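Chemist: Using the sequences and the hints, build the whole thing.
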Amino acid sequence: MAKRTKKKAVTKAKAKRAVKSAAKTVKKGVKKVARKAKKAVKAVKSAAKSSTTSRSTSEQRRLAAAERRADRAKRRADRAKARAKATTSHSAKPRRSATSGLSRAVAGAASGVAARIRKLVKGSDAPQMSDAPWGQAGKALDGVKILDFTHVQSGPTCTQLLAWFGADVIKIERPGVGDITRGQLRDKPGVDSLYFTMLNHNKRSITIDSKNAKGKEIIERLIKHCDVLVENFAPGALDRMGFTWAHIHKLNPRMIVASVKGFGPGPYEDCKVYENVAQCTGGSASTTGFRDGPPLVTGAQIGDSGTGLHLALGITAALYQRNRTGRGQRVLCAMQDGVLNLARVKLRDQQRLAHGALSEYSQFGQGIPFGDAVPRAGNDSGGGQPGRILKCKGWETDPNAYIYFITQAPVWEKICDLIGKPEWKTEADYATPKARLPRLEFIFETIEQWTMTKTKFEAMEILNQDDIPCGPILSMKELAEDQSLRKTGTVVEVEHPTRGAYLTVGNPIKMSDSLTEVERSPLLGEHTEEILTEVLGYSADEVTEIKGSGAITAPEKGARAEAA
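Here the sequence shown stands for residues 0 to 563, numbered as in my numbering.
A hint or two may mislead.
As the list claims (entries may be wrong) - Pair by pair, the computed Cβ-Cβ distance ranges are:
id	residue 1	residue 2	range
1	Thr431	Gln482	40 to 46 Å
2	Thr425	Gln482	40 to 46 Å
3	Glu477	Thr425	37 to 43 Å
4	Gly235	Gly142	30 to 36 Å
5	Asp466	Gly298	37 to 43 Å
For the record, the hints were derived by calculation from the structure and aren't laboratory data. Predicted, not measured: the structure shown is a model, and the values here were computed from it. Every residue, glycine too, gets a C-beta built ideally from N, C-alpha and C.
Modeler: Dropping the structure here:
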């Protein structure tokens, strides 16, 4: 009996020591977890201060490491809980209960810290809301650096738009020559043409000879410095310069390389394309003009400028995706693709042809059969609502005294009253849109008799009172003199140091918190030294050496003649 009592006392003593040991282990775990968690939270908060667009690779690594430390802290707490449970499995129930409770508390605290850290990591992508007044919190693309290898129209349209949104656009040009459009279609001798100035606002110009060894070195440093490279060279030109995608990606894995080409991959991808070629190969020309006339190109530059706008959207999407992936990518916009996208309603009609005639086209009402391809439809509306361009007062001497008039179904009765045909509201041949389709030519001839008694502006004012869709044919002279467009910044007067003041089209996209100030286009090489020293960090001696190498200066006339 005494022996059993003694043995029981020894067992209790061992259990007591085991409980103390377990408690000590758990407390030690608590301190370690708290220490690691505190360090992790601090790292996350520090990294979270930087915005999504400007966060460096090292900051991203710090965020990832902080989350890993949180996970490790959680696992340590779980192991401490398991050890405490195992150690106390043979001890007195009250003590085991107390120790298990402590271990559960540690595990719970660690889980809470881990959750907090994950919340911080997830929320770190969202910067604090700015309290600056609207329009004074910087621009949408502040901090984005664009290396602009573009020329003529499609590429410069893209990079100019990005510059208006705040990107720092560095335009590379050939020494002594520059963008070819500087000298094309000049209206004043010896100064940059409007063709150039109106497509290169808000940019900086640096002259670099890409065939010069030192020039290539400068370009490589710019690639490492910038976020996006934009080019619209002929197919393969950038590769021949030594700047393949593989080489660029090796120099700067985060760089986005954006290109405008004439065609996408396929049988025509090596062909050179200009504006009108793009319109013709993208489906626009075949569907523009009158049925009995030849295909026509449009006055709007949907091939060049249209594709440039598409490319700008692709670049901003790639920049946004890079925030998540940490790497750059290639962005391609083919001019044929861009034109077809803008002419998509005609591809819609091509498919509708398989199921019958296109009833909203004027030739349907004229009883002329359709072929197997979408025809040219003159000034017919492409949206299903019949429309025509009609003469207005003064059309005999003014080539733009016309108005576009749409006979929208909901306002048909108002149209009838306006043109003096109230009976058409109830007559079977005119009362419904379907009944009117075969009679559209006569209907518009009748409406034109009314519009010819009014100027296009008088007609627009009267028609708008009844919500009848219409629009005057505005000449470029009228648009240039429209004060409402000046007030909105759609038409802007810009001062230039060599050519004087000129008008340009401003940013067509208006944002409430990223305001656009249109700045003049750069002179050739105007910012070369500024970029070399302030952006790339070259010293004064190094700049002198670069000048001597011929990397940024045009060769002397004698040298050019000798080379020729």
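Chemist: Give a verdict on every hint.
Modeler: Evaluated hints:
no.: 1; hint: Thr431 - Gln482: 40 to 46 Å; verdict: holds (43 Å)
no.: 2; hint: Thr425 - Gln482: 40 to 46 Å; verdict: holds (45 Å)
no.: 3; hint: Glu477 - Thr425: 37 to 43 Å; verdict: holds (40 Å)
no.: 4; hint: Gly235 - Gly142: 30 to 36 Å; verdict: holds (32 Å)
no.: 5; hint: Asp466 - Gly298: 37 to 43 Å; verdict: violated (29 Å)
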